[in-house]
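Protein chains in written order, with this note's numbering: chain A, 347 to 694; chain W, 347 to 694; chain Z, 347 to 694; chain X, 347 to 694.
Think of the hints as simulated: they come from the structure by calculation, not from any bench.
Hints may be right or wrong, so weigh each one.
Claimed, not checked - Have a look at the derived ranges for each label pair, beta carbon to beta carbon:
#1 Gly567(X) <-> Pro486(Z): 29 to 35 Å
#2 Arg484(A) <-> Gly512(Z): 31 to 37 Å
#3 Pro400(Z) <-> Asp487(A): 42 to 48 Å
#4 Glu557(W) <-> Glu357(Z): 56 to 62 Å
#5 Ser569(A) <-> Val451(X): 22 to 28 Å
#6 Pro486(Z) <-> Asp647(A): 27 to 33 Å
#7 Gly656(X) <-> Asp681(Z): 33 to 39 Å
#8 Gly593(A) <-> Gln394(X): 31 to 37 Å
Quick reminder that beta carbons are idealized off the backbone N, C-alpha and C, glycines included.
4 protein chains.
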Amino acid sequence: MKAVTYRGAREVAVEDVPEPRLEEPGDALVRVTCCGICGSDLHIYHGQIPGMIPGFVCGHEFTGVVEETGPGVRGFRPGDRVVGTFHVACGTCRACRRGAYNQCVRYGVFGYGIAMGSLAGSQAEYVRVPHADVNLRRIPDELDDEQALFCGDVLTTAYGALRNAGLQPGETVAVIGCGPVGLMAVQSAFVLGAARVFAIDLLRDRAEMAERLGAVPIVAGESHPVSRVNQLTGGEGADVVIEAVGGPRTVALAFELVRGGGRIVALGVTTAESFAFPLGTGLTRDISFRIGLANIHRDIDATLALVAAGRLDPTAIVSHRLPLSEAPLGYRLFDEREAMKVLLLPGQ
Amino acid sequence: MKAVTYRGAREVAVEDVPEPRLEEPGDALVRVTCCGICGSDLHIYHGQIPGMIPGFVCGHEFTGVVEETGPGVRGFRPGDRVVGTFHVACGTCRACRRGAYNQCVRYGVFGYGIAMGSLAGSQAEYVRVPHADVNLRRIPDELDDEQALFCGDVLTTAYGALRNAGLQPGETVAVIGCGPVGLMAVQSAFVLGAARVFAIDLLRDRAEMAERLGAVPIVAGESHPVSRVNQLTGGEGADVVIEAVGGPRTVALAFELVRGGGRIVALGVTTAESFAFPLGTGLTRDISFRIGLANIHRDIDATLALVAAGRLDPTAIVSHRLPLSEAPLGYRLFDEREAMKVLLLPGQ
Amino acid sequence: MKAVTYRGAREVAVEDVPEPRLEEPGDALVRVTCCGICGSDLHIYHGQIPGMIPGFVCGHEFTGVVEETGPGVRGFRPGDRVVGTFHVACGTCRACRRGAYNQCVRYGVFGYGIAMGSLAGSQAEYVRVPHADVNLRRIPDELDDEQALFCGDVLTTAYGALRNAGLQPGETVAVIGCGPVGLMAVQSAFVLGAARVFAIDLLRDRAEMAERLGAVPIVAGESHPVSRVNQLTGGEGADVVIEAVGGPRTVALAFELVRGGGRIVALGVTTAESFAFPLGTGLTRDISFRIGLANIHRDIDATLALVAAGRLDPTAIVSHRLPLSEAPLGYRLFDEREAMKVLLLPGQ
Amino acid sequence: MKAVTYRGAREVAVEDVPEPRLEEPGDALVRVTCCGICGSDLHIYHGQIPGMIPGFVCGHEFTGVVEETGPGVRGFRPGDRVVGTFHVACGTCRACRRGAYNQCVRYGVFGYGIAMGSLAGSQAEYVRVPHADVNLRRIPDELDDEQALFCGDVLTTAYGALRNAGLQPGETVAVIGCGPVGLMAVQSAFVLGAARVFAIDLLRDRAEMAERLGAVPIVAGESHPVSRVNQLTGGEGADVVIEAVGGPRTVALAFELVRGGGRIVALGVTTAESFAFPLGTGLTRDISFRIGLANIHRDIDATLALVAAGRLDPTAIVSHRLPLSEAPLGYRLFDEREAMKVLLLPGQ
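My request is simple: use the sequences and hints to build the entire structure.
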């Protein structure tokens with residue numbers, strides 16, 4: 347079959363690779379109809395993921411149609427239209443039982459190399475899904491594949507961050523970074539009851555995209571985010587800050603934006619080892635800080651229901667739809683920030 | 347001053363009564379700018395509230411301007427534009443401290459007679475507000491008085507019911523009854539994350555008003571609510587049911603609409619002593635049921651913020667704005683269901 | 347193998363029946379080491395469960411050792427010491443995914459007849475466990491089988507009721523009925539932070555057993571429970587009431603014991619169709635009421651950890667340990683209230 | 347009256363100062379019966395609190411008897427036996443209304459100088475309490491003053507930290523530091539449902555004091571805390587870590603002790619500006635971190651009820667009871683770690 351493979355830094359190829367097969371009783375084989383290029387795929391593209399050996403199939407966002415199921419699969423049968431979770435969980439270990447699917451003892455990420463579960467990726471014509479009853483969801487009839495795809499990764503990641511922040515209805519949210527995750531955070535904040543969302547980005551067009559989703563845009567170069575948020579909140583600061591860029595600088599900004607007693611959740615992936623957590627002001631201001639990988643399984647049923655009902659529309663951010671064969675172009679455009687979100691369509 | 351007084355069953359009058367004065371250090375005197383006729387005022391109008399002696403000033407919804415404050419009032423000063431909570435609480439008793447302001451030992455309701463705290467009502471030119479720091483809120487600049495008025499009673503009542511139901515984002519809500527409270531419940535459900543809301547009423551035009559707010563309308567005479575909700579939920583039933591009519595029949599309907607593991611909150615005021623709670627199906631289906639007076643103080647800051655941000659718009663249901671002098675007409679229209687919501691304007 | 351079978355009203359027998367075998371990939375076969383007679387087994391004993399056809403194997407509480415597993419079982423292997431959940435769930439349906447294992451589409455109860463999943467019971471030498479990864483738990487080394495057994499049913503049922511009641515640390519709890527579930531509720535209330543527990547029973551020795559667990563005993567015939575609880579709470583009533591008897595009378599008592607804003611959870615199984623829910627007092631007092639089957643899977647990891655750490659000791663209530671062959675005697679003693687809790691030991 | 351005053355680094359005196367008087371309508375004057383020397387008083391003693399000008403009265407823990415109340419005080423009258431909260435709040439500002447009393451706009455701490463509200467301290471014969479309805483609690487009859495005193499500060503601080511950590515029943519807790527706050531955290535963890543508590547200290551006798559309260563003691567110099575906690579948790583780590591020492595080193599240790607998906611709450615006061623928050627491991631392990639001042643008002647009703655019921659016993663840690671006149675000795679003993687907890691008794 348055709349698949350996108352990693353070849354080395356800034357090089358992906360579309361190659362013929364062997365089709366995956368069922369390996370365990372709980373496996374399903376899925377024919378991929380739509381797959382995305384995710385911000386975290388760029389870490390691979392930049393050659394920063396050691397476990398990605400050349401030839402490894404890329405990609406972890408996907409929808410498709412079930413082609414075949416193992417004897418242990420109860421919830422799906424061939425022909426079912428499905429969306430996959432970008433990371434896999436077993437569903438029954440101690441971590442999964444407490445709902446921490448991102449801490450599963452059998453944790454893995456599709457298309458992320460031998461250190462992340464050795465799961466061939468989904469930028470391909472077929473993908474093997476372990477523990478299919480746990481790691482697939484049927485796509486509601488109201489949804490097309492593109493809409494559902496976002497529920498398996500970027501939308502639910504952002505949505506989960508706002509749940510982790512304990513967002514209360516009527517609160518204000520500041521989102522740092524208006525890339526795909528940040529824009530999904532803006533949408534999620536509203537659906538979870540935020541009164542107002544402040545969307546901060548260095549790029550005017552990104553901030554304006556957030557504005558079209560209902561946020562108050564703050565272009566970092568044009569006005570000072572801290573002053574602006576203070577002005578908009580009567581000097582109090584935001585109840586919740588979502589950091590969706592990555593790195594010490596934007597994390598430090600989050601501490602300046604948040605009100606006393608507020609909560610910061612960091613989503614941005616970074617290669618920085620650490621940041622200087624401000625102990626003194628943290629102490630007097632009673633600040634909560636959380637950083638962690640997405641926990642898709644916990645929230646995907648909710649996001650699917652919300653997209654199906656038209657309350658969330660993640661496809662607003664899709665900028666490019668390309669056939670699978672043009673994956674190298676897609677990676678390049680996304681890496682150069684000429685694309686907001688690229689979808690690959692294996693069937694075309 | 348002019349005030350609306352109770353005269354007997356189906357009779358209210360606009361009369362001259364003495365202006366209220368400060369009585370306690372924590373009191374404030376408020377000049378009323380806008381007041382509403384509430385569904386529960388009809389119980390008075392129907393002569394069902396024994397504590398309403400003839401001559402008692404009616405009304406518990408109001409906005410206004412602070413005219414004078416006692417020496418113990420810290421948070422307000424003359425000239426502040428404010429909305430009152432329909433019921434009063436002391437803010438420091440054991441019940442208040444745990445957030446149960448509707449169980450305050452000094453509980454009272456404006457304009458509800460001598461058994462409810464003997465607090466002269468707000469359908470008047472002036473109203474005395476005890477514990478003003480607790481029972482008033484400043485109106486945000488973004489809000490006009492009409493919008494704020496709803497936060498002191500009917501909107502926050504509905505909103506609180508959905509919080510009491512533990513509504514989770516992505517869930518479905520069935521609202522029984524599309525009067526003012528029911529329509530506010532439809533709006534609140536969406537702002538709290540409901541994926542879909544089913545709005546049930548006997549009257550087509552009321553159900554259609556709910557539809558304009560985003561709900562799926564179900565006209566009880568035209569289709570069977572239980573069949574329709576089951577059809578819309580794949581046979582499962584609604585996650586949450588809000589009963590906003592009152593009485594054993596609609597409460598029984600709620601049990602038929604709710605899914606296994608779901609939650610029912612009853613808001614409708616009724617004179618029925620009891621209903622037959624279905625023990626057997628409750629047991630196998632794990633049903634939670636709650637009924638109780640509104641707890642405005644717990645939620646009013648959130649509803650004010652949400653209305654100020656444009657996320658809730660309660661004024662959509664206002665059908666009549668009358669000068670205070672036409673209160674008798676307002677009561678009659680509302681009682682005959684020719685008005686959806688009547689506001690009285692003392693200043694006109 | 348030997349097994350306890352239902353023979354008709356007030357008649358159980360110990361008979362030779364065929365050993366169960368693996369049927370599905372997710373099954374496990376467990377050699378039973380200890381099994382209990384539960385209060386709900388008495389409904390069978392009284393001939394009230396239509397699905398219990400003569401010859402059906404009884405019992406739903408058990409511990410044992412895994413003998414054999416199907417190819418889909420990941421978490422267990424032969425030799426593992428395990429406790430079973432009294433009801434089974436699939437772990438992946440929509441209800442299970444939201445944590446409502448008691449509403450699973452494949453819900454069943456061991457030894458409860460053809461209307462409850464047709465699962466042969468555990469009062470036998472061997473039992474087949476479907477979806478073993480979901481419906482078994484490994485017994486921590488610190489625990490003997492007897493202690494673990496309670497986690498699969500009666501202890502976790504009581505514990506879950508207190509969680510359903512939203513018990514807050516420092517609150518007071520009234521428990522109506524000091525049978526096995528009521529006594530487990532007393533223990534659970536303390537471990538979940540109750541300041542005080544009032545234990546009500548008609549029988550002095552049962553109330554005294556609760557007293558030894560730390561509760562304030564109230565013998566219903568000797569003092570009036572409502573007066574006594576009011577006296578002990580400064581007239582306020584209990585924050586939480588657990589009804590562990592069943593039937594309209596004790597449910598009505600619960601409404602008299604609970605404080606305004608309090609919560610009632612009914613656990614007692616009853617054949618009564620309904621009770622008269624007091625609408626008027628419910629409305630002014632803001633009462634929550636919940637009734638439902640236990641949801642063991644949600645809480646069993648916590649109860650196992652708490653028993654393993656010595657914070658809960660369910661074995662305090664064991665009155666009889668009998669070989670499996672004496673099951674008929676055990677049923678009779680329990681039915682006649684001469685036993686508090688009977689365990690059957692197949693290995694003896 | 348006699349009062350303990352700050353004189354300069356490592357110097358406190360017992361002097362005659364003017365008695366406080368009522369200043370605001372909401373004030374109460376309290377005759378102090380018992381007051382404590384708190385760990386944070388040592389920051390004053392070490393000359394690290396700039397706002398402590400020489401002559402300022404020290405102390406923020408106290409119980410007493412109401413002597414006089416202003417006209418705005420509703421809940422107390424002369425003769426009431428009361429405990430004070432160490433920090434004051436107004437009860438009605440926006441922060442207080444959302445329960446964040448530690449972020450009150452009128453925040454202050456008794457005896458902490460002119461930068462903390464200029465409130466004369468409680469190590470004196472009399473203390474003036476602003477907003478008395480908010481900042482005092484009546485002492486239940488079951489409690490003596492010593493027991494109640496802890497509810498106003500150190501016990502409730504520790505208890506609140508475990509609530510901030512979202513401790514779930516059945517979880518494990520590691521407490522770093524077995525001083526007064528750490529020991530209160532051990533007790534609180536159990537009452538809030540912890541299965542096991544690991545108590546870490548450099549000093550053997552402090553760890554053993556924790557052991558007497560039910561914890562597993564870990565003497566840092568004798569065994570490696572990380573290895574030991576991993577061993578005790580099957581390699582998983584603690585669900586919750588309470589840092590009760592202060593400073594970058596023990597905060598860093600907390601990150602090594604906590605399990606993936608776990609929560610750290612830091613209580614220890616430090617002069618260090620920051621610590622290096624580990625971004626990479628935080629990200630993959632999904633860690634929550636919170637640091638903040640105590641929020642006494644939120645939890646004091648619960649802790650008073652739990653101490654009154656005998657479920658918490660803070661007096662176990664009292665090592666010295668001295669007359670007020672011996673305050674200088676008390677400070678010295680506590681500073682030199684020869685005392686675990688010193689109480690001063692003005693009446694003696």
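query = What are the numbers of the hints the structure violates, in ascending order?
reply = none
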